[in-house]
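Enquirer: Here is what each chain is made of, one letter per residue.
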Amino acid sequence: MGSPDPAGSDAGATDRELMSAADVSRTIARIAHQIIEKTALDGPDGPRVVLLGIPTRGVTLATRLARNIAEFSGAEVAHGALDITLYRDDLMSKPPRALAATSIPEGGIDGALVVLVDDVLYSGRSVRSALDALRDLGRPRAVQLAVLVDRGHRELPIRADYVGKNVPTSRAENVKVRLTENDGHDGVRIAPYGGPAR
Amino acid sequence: MKHLLAAADLTREDATGILDNADRFREALLGREVKKLPTLRGRTIITMFYENSTRTRVSFEVAGKWMSADVINVSSSGSSVSKGESLRDTALTLRAAGADALIVRHPASGAAQQLAQWTLDEDGGPSVINAGDGTHEHPTQALLDALTIRQRLGGVEGKRVVIVGDVLHSRVARSNVALLHTLGAEVVLVAPPTLLPVGVEGWPVTVSNDLDAELPLADAVLMLRVQAERMNGGFFPSSREYSVRYGLSEKRQVQLADHAVVLHPGPMLRGMEIAYSVADSSQSAVLQQVSNGVHIRMAVLFQLLVGSEEGAISA
Numbered sequence: 006m007g008s009p010d011p012a013g014s015d016a017g018a019t020d021r022e023l024m025s026a027a028d029v030s031r032t033i034a035r036i037a038h039q040i041i042e043k044t045a046l047d048g049p050d051g052p053r054v055v056l057l058g059i060p061t062r063g064v065t066l067a068t069r070l071a072r073n074i075a076e077f078s079g080a081e082v083a084h085g086a087l088d089i090t091l092y093r094d095d096l097m098s099k100p101p102r103a104l105a106a107t108s109i110p111e112g113g114i115d116g117a118l119v120v121l122v123d124d125v126l127y128s129g130r131s132v133r134s135a136l137d138a139l140r141d142l143g144r145p146r147a148v149q150l151a152v153l154v155d156r157g158h159r160e161l162p163i164r165a166d167y168v169g170k171n172v173p174t175s176r177a178e179n180v181k182v183r184l185t186e187n188d189g190h191d192g193v194r195i196a197p198y199g200g201p202a203r
Numbered sequence: 048m049k050h051l052l053a054a055a056d057l058t059r060e061d062a063t064g065i066l067d068n069a070d071r072f073r074e075a076l077l078g079r080e081v082k083k084l085p086t087l088r089g090r091t092i093i094t095m096f097y098e099n100s101t102r103t104r105v106s107f108e109v110a111g112k113w114m115s116a117d118v119i120n121v122s123s124s125g126s127s128v129s130k131g132e133s134l135r136d137t138a139l140t141l142r143a144a145g146a147d148a149l150i151v152r153h154p155a156s157g158a159a160q161q162l163a164q165w166t167l168d169e170d171g172g173p174s175v176i177n178a179g180d181g182t183h184e185h186p187t188q189a190l191l192d193a194l195t196i197r198q199r200l201g202g203v204e205g206k207r208v209v210i211v212g213d214v215l216h217s218r219v220a221r222s223n224v225a226l227l228h229t230l231g232a233e234v235v236l237v238a239p240p241t242l243l244p245v246g247v248e249g250w251p252v253t254v255s256n257d258l259d260a261e262l263p264l265a266d267a268v269l270m271l272r273v274q275a276e277r278m279n280g281g282f283f284p285s286s287r288e289y290s291v292r293y294g295l296s297e298k299r300q301v302q303l304a305d306h307a308v309v310l311h312p313g314p315m316l317r318g319m320e321i322a323y324s325v326a327d328s329s330q331s332a333v334l335q336q337v338s339n340g341v342h343i344r345m346a347v348l349f350q351l352l353v354g355s356e357e358g359a360i361s362a
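Protein chains in written order, with my numbering: chain A, 6 to 203; chain B, 48 to 362.
Just chain A, with the same shape it has in the complex (with noise of 0.2 Å):
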């Protein structure tokens, strides 16, 4: 990411660990579970559910579930990646940015019952784009978002349906969600921040 983290050791004392990377693995198993649970996926007459991971940490959250989901059940689920970069509400106040990939599984999302993922639910801006994203894509059955983190501060009425761990923040911090095929090593920290949230 580049950016600079001049609080370093110093800011000890507001810069903690939230979660393990036990932890984080844990957390995935049971939002996994409790996708199955909940769409009864392996059921004889379950849905065709697609996990679609919002970039960056999103994608790979998914592609965690879906395996998780695989090894518990048996099923066999869809995963993607949608990028919502161009239906932000905030592109115009920001410099432009890369885009990331789209990959949407083939058979599309029409009729599915699709599960957006994010690594950390906030504003709620971001599910709101990848909704409006979903809508020009094609017409789910339903639409169900699992988050790793919620940190509070919604600005729009949006919940997640699977939640990996509710933590109360302060606006002034930052959770950062670290995973190994994205950062080297799993866990997530909370520190005092450096700029606005995505």
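Since no wrong hints were added, every one of them can be taken at face value.
Listed below are several chain B residues computed to face chain A (Cβ distance under 10 Å; list not exhaustive):
1. GLY78
2. ARG79
3. GLU80
4. LEU87
5. MET114
6. ALA346
7. GLY354
Straight-line distance between alpha carbons at most 20 Å, and here's what the computed SDA-like set of lysine to any residue pairs gives:
8. B:LYS82 to A:ASP141
9. B:LYS82 to A:ASP137
10. B:LYS82 to A:ALA106
11. B:LYS83 to A:MET97
12. B:LYS112 to A:ASP141
13. B:LYS82 to A:GLU111
Some residues of chain B that are not near chain A, with every Cβ distance over 12 Å (derived):
14. ASP56
15. SER124
16. SER129
17. GLU233
18. GLY249
19. VAL301
Hints listed in this document are in silico derivations from the structure and should not be mistaken for laboratory results. Since the structure is predicted, the reported quantities are computational estimates derived from the model, not experimental observations. Beta carbons: idealized from backbone N, C-alpha and C, even for Gly.
Start from chain A and add chain B according to the hints.
Expert: Below, chain B alone, put in the same frame as chain A:
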């Protein structure tokens, strides 16, 4: 980035960022029923075409519309230009009418640059995109050519690109030489000596007039259209002689490596610089270039019209 006036202005990071985003736009629209993104809603884009165009004008219009911008086309016939209004007055009028971007094609080299200066105001004025100015530059064409080469060959760096034909009158050649050099490709120009510009020895290219010697070594061949409308003298003895020496015939195509790709910016003069069968062969990327043109122009509009003023591409 405020304007896109010349491929020569692009850094490697700028150019790569635009190419990457163009690929993303392609993916984002792949197989979609509703080809509409809300990204530029409420933005007004005006195209000003003082020269004829099919591909460039249409692809800018499609790009803008797919991103929900309002696109308005002004051409020299059918507007006050035909009553004698100057380029400057037309541009100021369009700025006053609320243009966020002006896309300009003009027979005079430097027209886009002039326009950007004229329309500058305290809020910065509209973004100006050069869609071809005289024999100077056509940056979005170079970007879409680079994207096509990257898609077909897996990269641009280190590739040998042979540009053949009327280099003298070609803004496509100038933009491509600049951009391909920036991206690390090796560029060879093949042209009759009469169709090479003065000062070509200062360009980062090698020059040859033996097409047959260059074809076997090429990773990509870019055929240029012979621009009769810009020629006011005898640059070569006859069309037939030009075609025999510099045309990409079926016989010549055989000399190309299997992986080599044939590009043409269009409009093609089949039978002149490129044979019918070559243009339609699987080695030809002509229609892929057109699709890429839409995605490149989406990426350029995104880069120029989205966000706050000082915006480099950042992850």
